[in-house]
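**Student:** Chain residues, written in single-letter form:
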Amino acid sequence: MGRGRLEIIAESLIEWVIRLCGISAIIFIFAIFLFVFKEGAEFLFNELDLTEFFFSKEWYPTSGYNKRYGVLALIVGTGSVTILAMLIAVPFGLGAAVFISEFCGPRLKESLKILIELLAAIPSVVWGFIGLTVINQLIIHVFNAPVGLNILNGGIILALMSVPIIVSIGEDALKAVPDSYREAAVAMGATRWQLIRRVLLPAAKNGLLAAALLGVGRAVGETMAVLMATGHSVNMPNSVLDSVRTLTATIAAELGEAPVNSDHYQVLFIIGLLLFSITFVVNMTADLIVRGVRKK
Amino acid sequence: MSNPDTYCIKTTGLNLWYGDFQALKDINLKIRQGIITSLIGPSGCGKTTLLRCFNRINERYGNVKTTGSTLILDEDIYTPEVSLIELRKSVGMVFQRPNPLPISVYENVLFGLKIHGATESQEKSTRDEIVEKALREVFLWNELKDKLHRRATDLQLDQQQKLCIARLLPLKPEVILMDEPCSALDSEATRGIEELMLGLIPKYTIVIVTHNMAQARRVSHECIFMLMGELIEHSPTDQLFLTPRDERTADYIEGRYG
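Line by line, the protein sequences give chains A and B.
Taken in order, the first sequence gives residues 6 to 301; the numbers are from the numbering used here.
Taken in order, the second sequence gives residues 17 to 274; the numbers are from the numbering used here.
Please note: incorrect hints may appear among the correct ones.
Unchecked claim - Below, computed lysine to any residue pairings styled on SDA-like, alpha-carbon distance capped at 20 Å:
#, chain 1, residue 1, chain 2, residue 2
1, B, Lys130, A, Arg197
2, A, Lys210, B, Glu123
3, A, Lys180, B, Arg76
4, B, Lys188, B, Phe111
5, A, Lys210, B, Ser120
6, A, Lys43, A, Gly27
7, A, Lys114, B, Arg76
8, B, Lys130, B, Leu173
Said to hold, decoys possible - Here chain B is said to cover these stretches of chain A; the calculated rule only asks that three of the stretch's residues, wherever they fall, bring their Cβ under 8 Å from a Cβ of chain B:
#, region
9, 17 to 23
10, 199 to 213
Keep in mind that the hints were calculated from the coordinates and are not lab data.
Every residue, glycine too, gets a C-beta built ideally from N, C-alpha and C.
Okay, chain A solo, but in the shape it has when bound (with noise of 0.2 Å):
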């Protein structure tokens, strides 16, 4: 039976708008790339004095006589938080994922992997309400700080923002260590805790590994949940009651107050590359560590 032309052609056309979706990820990551590079690169190359941009924490973008464009004050900002909130979620992120991958029954477990997905789900900008609110009003009555919007809330809503991933991808490194490795050491006699520490954690370390740097790379692309929680003052910490600003949060708050192609407008898109280099080399990282568990 022969084939009708049309069904031929239609047939190759699908094949081709199958094969654009698939590389149509690669085009966007270029894109987005590309563009971002192009509207701050007449700067970038020009007028930008990098040790300034990278080591001064003087952030006056809109002096009237004096621009300063120094980001120093941001990074650590975003530092700051990002490592608090890491010091907070890998702890409890792995933890969970030992607790959902070893202690508990299927069904405990469904409703816990149900109910960390919807975690993953709330918006950022609600977990920005929460810490304006809830978390504000706790670091004022329970440190005595007179504001609550500060690194410690931030770094505890990014917290509790980045553990659903560092759960998933946790449980995932756990479940792919071979049931083989849990039963050879339960048949010496192991205890639980021995077997999750002398077995299955060095078996799963990369992928543990690769879950806590996901986590990273979560904490330091948010956006509206740090600028509502961090006070968003430039300013360089002495503590965590302090005030502190990120990078994320300052392109949001000041891109649509910059005159297009201004001078400020440029350098936000500078530090835009810059948020996109980070959370690039972090999760560039990540997957190699996974794939280097796959290959063994």
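Use these hints to put chain B onto chain A, whose structure you have.
**Tutor:** The following block gives chain B in isolation, referenced to the frame of chain A:
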């Protein structure tokens, strides 16, 4: 050390269910100390389940119910007072697929002692001796003495399986259970494992599940034939293969089903 009249494992009225499925039906047996006993029978006859009862590793899967009594050296292992950790220390197990842990050869051999908290007070030289002794007992010392710090999972399969036997020895188990230990190995490697098993008795009592009739004849002193969760016949190996008492045993060893 071994006394032919001493029984190492005794069961009376042992029944086991996986959920609603009864996998073992009223098993009564006495396994002698210091010899090798084979469990044979067609797939699904319950021989692996029976083997896994002896160190209660069955219970990993939940929804397992066991009744009746199982005594190892006259101690009932299904009473609530029994410590699974101590039980598994004295009843070691070797699995179908070699399953060394993804740590070094050296650490694998010491793993058992470590989890039972015995290595903390030991000198390094004592530990080295323990490792050497265990590896010598399984004929691996000469092959591996320069590779002690290699990852155990990178060894050849038969070396892995021998290592899995070696790592039980520092715990001085009473019984070693082997669940088709050669099914992943070629005939050369199988011979190596069999030789090693014969070297381990009468110091240890060995119970082996095997699909391989020839292997059962070569290594075991006594054989237990099982069918559909029941114990059909338990005799000295020669007798079971040459003059089986039960017709079903005869049918099986002549390959009429299996």
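**Student:** All hints are to be evaluated individually against the structure, with a verdict given for each.
**Tutor:** Structure-based check of all given hints:
1. B:Lys130 - A:Arg197: holds (14 Å)
2. A:Lys210 - B:Glu123: holds (18 Å)
3. A:Lys180 - B:Arg76: Answer holds: A:Lys180 to B:Arg76 is near 16 Å, not above 20 Å.
4. B:Lys188 - B:Phe111: holds (18 Å)
5. A:Lys210 - B:Ser120: Holds - the C-alpha atoms of B:Ser120 and A:Lys210 are around 16 Å apart, at most 20 Å.
6. A:Lys43 - A:Gly27: violated (26 Å)
7. A:Lys114 - B:Arg76: holds (17 Å)
8. B:Lys130 - B:Leu173: violated (24 Å)
9. 17 to 23: Our answer is that it is violated, as 0 residues pass the Cβ test (under 8 Å) against chain B, missing three.
10. 199 to 213: Since three or more residues must qualify, the claim that chain B covers the region 199 to 213 of chain A holds, with 5 doing so at under 8 Å.
The structure is inconsistent with the numbered hints 6, 8 and 9, although it conforms to all the rest.
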